[in-house]
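For this one, chain R is given, so just place chains X, D and A on it according to the hints.
Residues per chain, in single letters:
Number of protein chains: 4
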Amino acid sequence: MYSFRNDYSEGAHPVVLKALTETNLEQTRGYGLDPRCEKARALIRSLCAAPEADVHFVVGGTQANLLVIEAMLKPYEAVIAAHTGHINVHETGAIEGTGHKVIAVPSPDGKVTPAMIESVPELHSDEHQVKPAMVYVSNTTETGTVYSKAELTALRQCCDKHGLILFLDGARLGSALACGDMTLPDYAALADVFYIGGTKNGALFGEALVFARPRPDFRWHIKRRGAMFAKGRLLGLQFQALLENGAYLDAARHANALALRLRDGVAALGFPLPVESPSNQQFPVFPNEVVSKLQDMGYEFEVDHAVDAGHTQIRLVTSWATPEQAVEDFLRDLAVCADR
Amino acid sequence: MYSFRNDYSEGAHPVVLKALTETNLEQTRGYGLDPRCEKARALIRSLCAAPEADVHFVVGGTQANLLVIEAMLKPYEAVIAAHTGHINVHETGAIEGTGHKVIAVPSPDGKVTPAMIESVPELHSDEHQVKPAMVYVSNTTETGTVYSKAELTALRQCCDKHGLILFLDGARLGSALACGDMTLPDYAALADVFYIGGTKNGALFGEALVFARPRPDFRWHIKRRGAMFAKGRLLGLQFQALLENGAYLDAARHANALALRLRDGVAALGFPLPVESPSNQQFPVFPNEVVSKLQDMGYEFEVDHAVDAGHTQIRLVTSWATPEQAVEDFLRDLAVCADR
Amino acid sequence: MYSFRNDYSEGAHPVVLKALTETNLEQTRGYGLDPRCEKARALIRSLCAAPEADVHFVVGGTQANLLVIEAMLKPYEAVIAAHTGHINVHETGAIEGTGHKVIAVPSPDGKVTPAMIESVPELHSDEHQVKPAMVYVSNTTETGTVYSKAELTALRQCCDKHGLILFLDGARLGSALACGDMTLPDYAALADVFYIGGTKNGALFGEALVFARPRPDFRWHIKRRGAMFAKGRLLGLQFQALLENGAYLDAARHANALALRLRDGVAALGFPLPVESPSNQQFPVFPNEVVSKLQDMGYEFEVDHAVDAGHTQIRLVTSWATPEQAVEDFLRDLAVCADR
Amino acid sequence: MYSFRNDYSEGAHPVVLKALTETNLEQTRGYGLDPRCEKARALIRSLCAAPEADVHFVVGGTQANLLVIEAMLKPYEAVIAAHTGHINVHETGAIEGTGHKVIAVPSPDGKVTPAMIESVPELHSDEHQVKPAMVYVSNTTETGTVYSKAELTALRQCCDKHGLILFLDGARLGSALACGDMTLPDYAALADVFYIGGTKNGALFGEALVFARPRPDFRWHIKRRGAMFAKGRLLGLQFQALLENGAYLDAARHANALALRLRDGVAALGFPLPVESPSNQQFPVFPNEVVSKLQDMGYEFEVDHAVDAGHTQIRLVTSWATPEQAVEDFLRDLAVCADR
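Protein chains in written order, with my numbering: chain R, 1 to 340; chain X, 1001 to 1340; chain D, 2001 to 2340; chain A, 3001 to 3340.
If we strip away everything but chain R, and leave its shape as in the complex, we get:
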């Protein structure tokens, strides 16, 4: 049975595997100072319409988050995030591990709004409190929702008003690009720094950080946290493969389309999906016995939380690798489990 547990269950997208195989015996310098990384950086700057941007590759999302925050904040500065934000919940205190407080604001849908930022008490604090210096958002968010261009523009203005850095975690940027109204140049224009997530959209690993302004010393930060990848060209290679002929966006569109097929099929069977998600994560609510039956059949997914004594919200994730048939099979088996 298919696993809808996450979008990194499989290996690499075929274009990535092909690139790795074809270039396997090339010799290059290490640590990202190679022609493959150079090309990928140039390609990303071009796709972002941001010739001044600085591009750095790292292996994973938590690494990207902690490095950006550590590099851009002073020790006593803090980062504002939704209470559901990945850095607040799912990184084992990695941000605090670099010495910085995460100021969590309650968010109903995983998004941060200007009103939430304005409500942070520390915003006008003195030296007895941390100093907020950055806003962290994710697109798509941890609950599958997607920021519109209007929303991110409003956040940018709020950040400008308060002198805050805007950092956008793009671990699932592919899915957001494939369903929202934001383009890569929009991200580059609105965020001080964001990343194009590879791991969750077809790469074996890798996140491409795009800084609006040059950060030459970021390489020192990377190395100091053990995040400088020895065979660095593998990072460049993968982004080049995914981005140069549109595979990245195609893969995300495929994932989103199957997620919407799941959503519609689940809804047609009468089950609620309280989170309105247009992206590759869907959060249906099923009676507990339906959840158990699906698990007994071998389906894998994450249990999000217990809605009440009899119902559970689960998470279904699709990816570039999900076969259409797997979705149809799931919906058919769901109908069986639910006696509908």
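Some hints here could point you the wrong way.
[Said to hold, decoys possible] Straight-line Cα separation of at most 30 Å, DSS-like style, residue types lysine-lysine; simulated pairs:
1. X/K1161 <-> X/K1149
2. A/K3018 <-> D/K2018
3. A/K3074 <-> X/K1074
4. A/K3074 <-> R/K131
5. R/K74 <-> X/K1074
Everything labelled a hint here was simulated from the structure, so no lab data went into it.
Okay, now just chains X, D and A, sitting in the frame of chain R:
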């Protein structure tokens, strides 16, 4: 022209590439909790004759070093290393970045001896000084030398006497295994923790940490430093591929053999190699003009240091991927450059 | 006009000043290894009926908090506190500065309850989340409330059930001792570590940390964070002076009595005090114009928060040094300001 | 018998004790935002002829060192110090505790020279090594030697050439001012930041940090490390008392004069003093049995190191509080012990 710059210039050993390709569409859980990692862990425990050992995979060497040191030391404890040790010189203060002092002891050949440990003033210090709690060694060392079993046994005894943890950095353990008298069970018996380096011996990336005693909370440390690899099974897969049929040791033997051929060829042409290295790094001293001519011909290697106004010590590194012909070509061209 | 801003506006309690003056030219070793500190430690162990306890002196409260948390938690462990807790709000991220997350639980009255602890999602988390390992409480709390012995006993049981350390910040322990049902032996029996606050009850500076079990290495932690006081005997001297003849408790009783006189006088004038505080901090709500008039008259106090457009909650703090007349003057002037 | 162990064995200089006593019941705001601190800051700026300087008070030297280094360096930057430097040897890894490497350069007399700085390999390093960004010196040094104005000017020029910050630890600045050719305006002109040590020259505690340029955010750093002193006016008071009528310099002159008397008396008895110190620390070498006899008589001092099997170098320290008679007694008893 061939690059002798390092042993991670190419991609993956063929057995690794094959394993990645064949399993590409398998679905597994992330973060190392998958059957591939389980198998690799079991295989390593078996090869180490250490059924109680705890095995954790991380992506790279600096990551391995900082995680082990952070996990095993209290905040005020320090690690003793050779002044040439990787953690002292080449990790951008990664160890200090976790809050720990590296106590560097001068070493003529990259090795740490019991006498050097005994000479550390902090060894009998009070609360105004850091408290040494660990000895860090590498095998092979940063200068290509190799610890014998007798030497490591003596270090172990010294560590026991002073209550010190013995940590062995095995980024180049393959090369050490292929030329020294130490076996994997010896490492497991003598070190509190060591690692089997993948990156420098055929893996795309990856180091396998072997702890003598279970460290279940090490996964929290890994995650907190952004070092938990999402598609974790790739780490298990690679070590399985390299270790289960001997490719790991064969690859290292190949690298060592070509390094010795380089060494002998260089010596036959009358150039000194002051560091007596039996491993895959060789450090010949050439007249500056010979170095320049080799570079002009397109050879790549690292310049180690200026020996005097007219002579430079360089580093030549071989790997699983180095063709025999590249070595012969180099020696022939060296003779030409040197007019011999 | 008198300042009710805090309980550390003046210098030292007379018994402290006398002790400093009389012993000024004594010569002792530094860093707390002197007979004065020895005596104070013995006295505290005796007053706590805790012969096994380990006593360490530090200069201030934030220092005490960050040192205890850093010394007792592993890097990935976190501390649970009320959202109003000093470590969450007023220490500029000092706890995060040692690498630890503060998990804030919403609290209506500044106290932590077992139910709040049980509600922490991270309590049953895996390695993707921090691991709660400690509960931090203050007595008196930041809002002036006081834990009863029954409440702290219930917390202790909850901590035992979940393997959590119980740490009690006693910056205002004097005030709590003078009005609650907890004695020093009770604190020593229920908390893993707590402190007897000097700064806010008559000392020039100083907090006496009492650990239930010996922590010989705590001196290393103290020194590493720059918190080892050179003329250490000053810390011992002050605690000896305050504790050996009851001045500590008398001072706190005086402060509490004047605070209750303030409370009753304010209430008699018809103003609400929404926080029910039996201790030396009172939080009355006044119309904004009354607040302004009091300030214009020269009274000093902290503005806590705006209750609504027309009313403000302020904080009035009394201390060992507050003259009775200052309280009566304030109440008389308040009546004038309020036209009552 | 008198203790020559250190210059912080006693309490406070009389002018300090008088100021504390006279102002004891004044009410002021906490945390250094009071008129006493304001006056002391103005006085220091004036004495330094540095109207733009920023003055911050902290309690002790290790605190001062770690705060300055943390505030002025980026995470991957390092500080160069003599191998005998206080931050390298006697602070339990406090600097590493803030994430920074101390690059120790061997120094025969405790001083750092431009040649030593130029010899630091990391000075021209890449992102695999820490980046030196600061030079740390002490005056007087840990071995009692004193930098001349010419020496510090040369260091300043070397720092300018390499873009390095010059930080001068003035824990014993009094002694240096009283015997060298450097004035307070010279320090303010040559160092980016230095401090005027109180603890070792008559204050109960306190170091006055003088930054050449405003550092308004330094208060955030202070608070975050638990170093913001609640009754902050005590810091201002003490420096005002010591500095406004010359007590600071007089105290240091007294200490130096007695140290030189010790030096001359010791030398007259035929004992060597290998370290040529013009300041309040003297390092005579005695036969071991003389050391033992002095200790048996009750004299206290630190044992510096064993010179050879039969001889020991000790440290004798004088202070503002040392009576002349104590020195004469010591010399007389030394003659007796040595049979001369």
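We went through each hint and held it up to the structure:
no., hint, verdict
1, X/K1161 <-> X/K1149, "holds, 18 Å"
2, A/K3018 <-> D/K2018, "holds, 12 Å"
3, A/K3074 <-> X/K1074, "holds, 24 Å"
4, A/K3074 <-> R/K131, "holds, 18 Å"
5, R/K74 <-> X/K1074, "holds, 25 Å"
Checked against the numbered hints above, the structure breaks none of them.
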